[in-house]
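All chains should be built: construct the whole structure from the sequences, respecting the hints.
Chains L and A, in that order, give the protein sequences.
For the first sequence, the working numbering gives the first residue as 107, with consecutive numbering after it.
For the second sequence, the working numbering gives the first residue as -11, with consecutive numbering after it.
Possibly wrong hints are sitting among the right ones.
One side of the interface only, derived from the structure: several residues of chain A facing chain L at Cβ under 8 Å [stated by the list, open to error]:
id, residue
1, 33
2, 66
3, 105
4, 128
5, 183
Simulated restraints on C-beta separations [unchecked claim]:
id, chain 1, residue 1, chain 2, residue 2, range
6, A, 176, L, 277, 56 to 66 Å
7, A, 8, L, 332, 31 to 41 Å
8, L, 293, A, 174, 43 to 53 Å
9, A, 0, L, 138, 52 to 62 Å
10, L, 354, A, 67, 25 to 35 Å
11, A, 8, L, 292, 39 to 49 Å
12, A, 0, L, 215, 46 to 56 Å
Everything labelled a hint here was simulated from the structure, so no lab data went into it.
Built from N, CA and C at the ideal position, the CB exists for glycine as well.
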Amino acid sequence: MSASVLFDIPGPKARMRYRLYAAIGIAVLVAGIGFVVYRFAASGQFDAAKWEWLQYKNVQTTLLDALWNTVRAFLVGAVLAMVFGAIFAAGQLSDHKVVRVPAMAVVELFRAVPLVVLIFIFHYGIGLGAPFYSVVAGLTLYNGSVLAEVFRAGVLSLPRGQSEAAYAVGMRKTQVMTLVLLPQAVRAMMPAIISQLVVLLKDSALGFLITYEELLYQARYLGGIFEFGRPLVPITIVVAAIYIAMCLLLTWFANYLEKRNRRSKKVLELEAKPAEDVVAAAV
Amino acid sequence: MDVLLDNLDLYGPGFLNTIELFLIAAAGSLVLGTILAMLRVSPVPIFRAAGTLYVTILRNTPLTLVFFFFAFAFPLLKIVDAADFGGSAAAYYFTFALVSLTLYTSAFVCEVVRSGINTVPVGQAEASRALGLTFGQMLGSIVLPQATRAVVPPMMSTMIALLKNTTIAAGFSVFQSGSISLNLSERGENQLIGLLWVALFFIILVIPMTLLQRSLEKRWSIAR
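So this is what it looks like as structure tokens:
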């Protein structure tokens, strides 16, 4: 903690003060958690009856099915979004204005429209049929556009010497892009790409709004069952834990890749990481 | 065009509610996010741990789930009485849409502010102390001006995302631009055209913000 801009290394007096703050902080935290636990207990959320349903076999299969639906939307959406992103990143980097301008327009367009509205357009406006298709279409177009920006920023952040050298060896434009620039860009942008995939995973929960039978949808259904004592609070906790676990797993994977990248010599040290800004704000 | 003009009584309040949600949640999350960032860089370990815990939980939870919690589960805890809102369900849901948006976005605001502070090299603070500046002078004339450059562009992206996220409230009984189309279908209007107007509304709002953000980013990145 010595390397903070705002705070000096504490002397004896400051250390005493910090200890006092820590005591106050712990007191406030304990009071807050205590209040929450008290409210949970007082409203009967800790009653065994509210949690018993978790043991039922068909509840577990329902939840697993729902989890699979979430993961399925995520996987299909992620693959399609990567493809979409790669195509439109290439389009944005094209030398031909006829290709570049429409590609940029499409990317800007889908980044500006809220994902909910996109999904509604596909589901209610166009009527793609099963909610799954609308969810995947929305996830693909929105996250694909963001990924296109990430890929583009990755290619642009490579040193010019890379493409110049490739041209000098006699490669064609397509070869330079696919053999030299893209592999390096994807490697450098891996953490950013995975952060965007975390966003995609979280956004798959929007399927709830159009009755796609994913985790939240089933949570609403199970939470309303009278025989289980309407366990809305317990099921929210369970679903939140599942989501947090999945996202942390992905994040951990991103960190792992970044660490491995830093060790390997194949990745160029980039001066600036423009894509970090694209993704830092990935909400 | 007809769909928009014939249903201005839906579109007007819908767009206004979206902007209201956005402005209040933006103010709230900026304040809460900055407080969280201060917790996360504070020299007291327990504050850091609390801040980190909050950010980790909220950042890895879908916003839809946060809404879900406040719309369905939270009332069961009976912490707040619905009667406090004059018994009006709309006011209740609007308030909790605001709370959900604020809590969720503040986690991202916190990360932006924290990484902004971290971009200022420690040497800057050391040098200003060596010059004899007080803590306030150091913060006001050395650290914050430099941190702002790193904070403002990503913060604008976060705010753009917040603006778009307000539409999620459509699934939770809050009337705003996201729910216009659901009401349109009751009137037998063409939903596709109705939704395209909503999309256009967001494009008009978001694209200028994006352009401004990019120009700021470009102008300020040179100085480093």
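Status of the hints after comparison with the structure:
| no. | hint | verdict |
| --- | --- | --- |
| 1 | 33 | 7 Å, holds |
| 2 | 66 | 5 Å, holds |
| 3 | 105 | 6 Å, holds |
| 4 | 128 | 12 Å, violated |
| 5 | 183 | 5 Å, holds |
| 6 | A:176 / L:277: 56 to 66 Å | 59 Å, holds |
| 7 | A:8 / L:332: 31 to 41 Å | 37 Å, holds |
| 8 | L:293 / A:174: 43 to 53 Å | 51 Å, holds |
| 9 | A:0 / L:138: 52 to 62 Å | 41 Å, violated |
| 10 | L:354 / A:67: 25 to 35 Å | 28 Å, holds |
| 11 | A:8 / L:292: 39 to 49 Å | 42 Å, holds |
| 12 | A:0 / L:215: 46 to 56 Å | 25 Å, violated |
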